[in-house]
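Participant: In the order they appear, the protein sequences are chains A and B. Going by the numbering used here, the first residue of the first sequence is number 1, and it counts up by one from there. Going by the numbering used here, the first residue of the second sequence is number 1, and it counts up by one from there.
A couple of the hints might just be wrong.
Unchecked claim - Covered stretches of chain B, going by a simulated chain A footprint (3 or more residues, C-beta under 8 Å):
1) 91-103
2) 187-195
Claimed, not checked - Anything over 10 Å on all C-beta distances counts as not near chain B; from chain A, calculated:
3) F13
4) P119
5) M136
6) A305
7) D326
8) M337
Stated by the list, open to error - Computed cross-link-like contacts, DSS-like style, restricted to lysine-lysine with a CA-CA straight-line distance of at most 27 Å:
9) A/K274 - A/K264
10) B/K208 - A/K144
11) A/K358 - A/K264
12) B/K284 - B/K208
13) A/K140 - B/K208
Hints in this document: simulated from the structure, not taken from any laboratory. All C-beta atoms, glycine included, are put in the ideal place defined by N, C-alpha and C.
So you can see what is in the structure, the chains are spelled out below.
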Amino acid sequence: MAAIEVEGLWKIFGDDPGEARRLAQEENLSKAEVKAETGSVIAVNDATFEVEEQEIFVVMGLSGSGKSTLLRCVNRLIEPTFGTVHVRGENVTAFDDEELREIRRTRMSMVFQNFGLFPHRSVLGNVEYGLEVSGMDTEKRREKARDTLDLVGLEGYEDSNPSELSGGMQQRVGLARALVNDPEILLMDEAFSALDPLIREEMQNELLDLQDQWDPACTILFITHDLDEALKMGDRIAIMKDGELAQVGTPTEILTEPADNYVKSFVQNVDRTKVIPVRTVMRDLREAEHISEDIPAVSPHTSIAEVLPRVLEADAPVPVRDSAGDLQGVVSRESVMEEISRNASNVSKTREAAREEKAIEAA
Amino acid sequence: MEFSIGGAFEALIQWLQDNFTPFFDGVTAVISTTTQGLEDLLLFLPDSLMVLLLAALAWGVASRGVALFTLIGMGLLGEIEFMLFGLEFTIGMGYWETTMQTLALILTASLFSLLVGIPVGIWAAKSETVDTIVRPILDFMQTMPPFVYLIPAVVLFGLGTVPGVIATFIFATPPCVRLTNLGIRQVSEEAVEAAQSFGSTPTQMLFKVELPMALPTIMAGVNQTVMLALSMVVIAALIGASGLGQPVVEGLQQLRIAKGFEGGLGIVILAIFLDRITQAAGEKVGGTAAGGNA
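Chain A on its own, in the form it takes in the complex (with noise of 0.2 Å):
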């Protein structure tokens, strides 16, 4: 069973979504056309998707492209028109009031792109905020608070107010506030997409370390405008054009067969070594073969650029741990080279296919 299982999903914002989704599904015609037509925006058309257990699946998509509508139609802060949303089996669209906030206080968490924080409370008080209105005692929920700030390398912060604090270390106090539940699901509103860029990249690591740590591992539901980013943390994507679903796939499969012209854009230019993490171009290790001690072992997340020089330095593969130390796979220097020569064959395609396209403007 997935963890989320989203089917034939609209949003519509208008007085007639019957009419809308009508004349977007039978007469074909595109979201501009429906808003000229009926007034009515379609913000989510016809979603249908499955995020698996554990799993990190990102939906990326510009601004207005309604990611960030989806996302919300999971947790029902803003109902869907049409369309169910299961987790683990349970049909969260039927929910009543009662049990949404339950699964909201127990199950799944939100985290959000401005912070979302409560300026009256203090970092712990932001903190301990989901377990206090479930009707957790004081005490415990307090521990338990602190120790979550712990996790996101907060301690000694609980007594500050968050406008104190920088940029990143809001949004820590944020993933606290949204990890102190231990949730099955966790929703992440361009979480990052506010911070610099180095705190960006520092986060993006520390959030996939932690994704190894757990076990049972969340499931993330991860928003982002960010090719880079979605590439980076997503085990698959999404990727989302005027409120439709373009293409769901893995990094590898986004990047070697876009679906249409609109994706096939937004990764042409993208050099693969540098963004698909070595992951996904490890393998098991084979009978007979054992690790060399002498090599140092490389993180799943890191690039193919970056691993590059350590595996071809090496005269064995590489071994490739997680931050817990486990064994995830080696990485060898065919299996680079391979995904490198795809690389650049797959630019000089590109090149190819631009020049081509010159041709025929110029003729």
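Using the hints, position chain B against chain A.
Facilitator: Below, chain B alone, put in the same frame as chain A:
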């Protein structure tokens, strides 16, 4: 057929008087008990001790400057006796009791304004329908000259302090409703969404997130309400409300400059005192709630 709007309103008041006398008697009892109780409380301690107490309050809530002002200003409203070079001096206006009557009236009217205004403001923030209905009523309450609703107030509640409190209440409630409404609507949408996403009930949302975050704005409304209540003191005196308005009204009727000036000065001193106290209280709660970009 001729239709007189004023006549219709008069008929309405007449009808209210004929049919709802027990209700108005009840309101009168509640208001006069509250005012009298507050007045007794304020006059319970001797004036010198009370001045010190008010100055201490000003120091605690506002600043040393406000405390000093309170000490001198309130002292002048009462009477200060001291010996200098073997001679006995007395300065002060001797309006202590009158000042406390005014304070009791203002506090009563403000109390009822807040009791009604804050819930209505919350309701208007939550419901567009309520907001649409309440807005013109507030405009009406604020722009109708206060003298006009003194007349029905006297008809329904008789002369004295009670109709004064009622008229003051009508005049002072609108800013409280407006600023509560504004404060709650201004709470950042992300904070509201965050509270929702963690499973808050509507009540938890209101008391744990919306009201605390709106508090600085609500306190600005409280300040406005108290100030507007004070501005009604002289008008309330016209229908027999006791307090600092009385010397002003008498001064005007008898052309006694000294008396009128003293009453007016008393109102100013009380106004500055109340303004600084409520403002400082607002800033204090705002210090924790404002700030922060979340």
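Participant: The structure should be examined with respect to each hint, and the outcome stated for every one.
Facilitator: Hint-by-hint comparison with the structure:
no., hint, result
1, 91-103, "violated (count 0)"
2, 187-195, "holds (count 6)"
3, F13, "holds (16 Å)"
4, P119, "violated (3 Å)"
5, M136, "holds (12 Å)"
6, A305, "holds (36 Å)"
7, D326, "holds (32 Å)"
8, M337, "holds (46 Å)"
9, A/K274 - A/K264, "holds (18 Å)"
10, B/K208 - A/K144, "holds (20 Å)"
11, A/K358 - A/K264, "holds (17 Å)"
12, B/K284 - B/K208, "holds (18 Å)"
13, A/K140 - B/K208, "holds (19 Å)"
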